[in-house]
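Undergrad: Please put together the full structure from these sequences, using the hints given.
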Amino acid sequence: MRLVFTMLLCMHVFNAYAGDGHSLKKSCIEAERLWSGKIGDKEQGFYCVGLLKGVVSVMTITANSSDKETANHLGMCNKEKPQHFITTEKSIETVLKYLYSNPDKLNQQDFSIAMQAMQKGFPCTK
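Read in order, the letters of the sequence shown are residues 1425 to 1550 in the working numbering.
If a hint is listed, it holds; no wrong ones were tucked in.
Derived pair list, reagent style DSS-like, types lysine-lysine, alpha-carbon separation capped at 27 Å: (1) LYS1521 / LYS1462; (2) LYS1503 / LYS1492; (3) LYS1503 / LYS1514; (4) LYS1514 / LYS1492; (5) LYS1503 / LYS1521; (6) LYS1521 / LYS1477; (7) LYS1466 / LYS1477.
The set of hints was computed from the structure by calculation and includes no laboratory data. From a predicted model like this one, the values you see are computed outputs, not experimental measurements.
TA: Set out below in structure tokens:
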């Protein structure tokens, strides 16, 4: 229960600085470019990587340390390596794929979109 409270508190604090799907898409495109060894906007790319590292960590820990219902609603699960984090590269790919497939979500907050993308890409079925 403390983990869920901490997660919700972090989201509330993060909300003051959060961007939307447009900024997330732009920053994750830069992150993908940098990840592949090309020159890009490091500040933008690092924002995407930092946001996704935080979201993936919280969601994976939630899934691994919670009851089934909480894991299904707030978690994400790595089917290939249970109880392990997915790679940064895979999280960037997952979010960009989600954003390209769901342009109607671009006006939502970036952390919310990232969570939706991770849940869709890595659902928990405990």
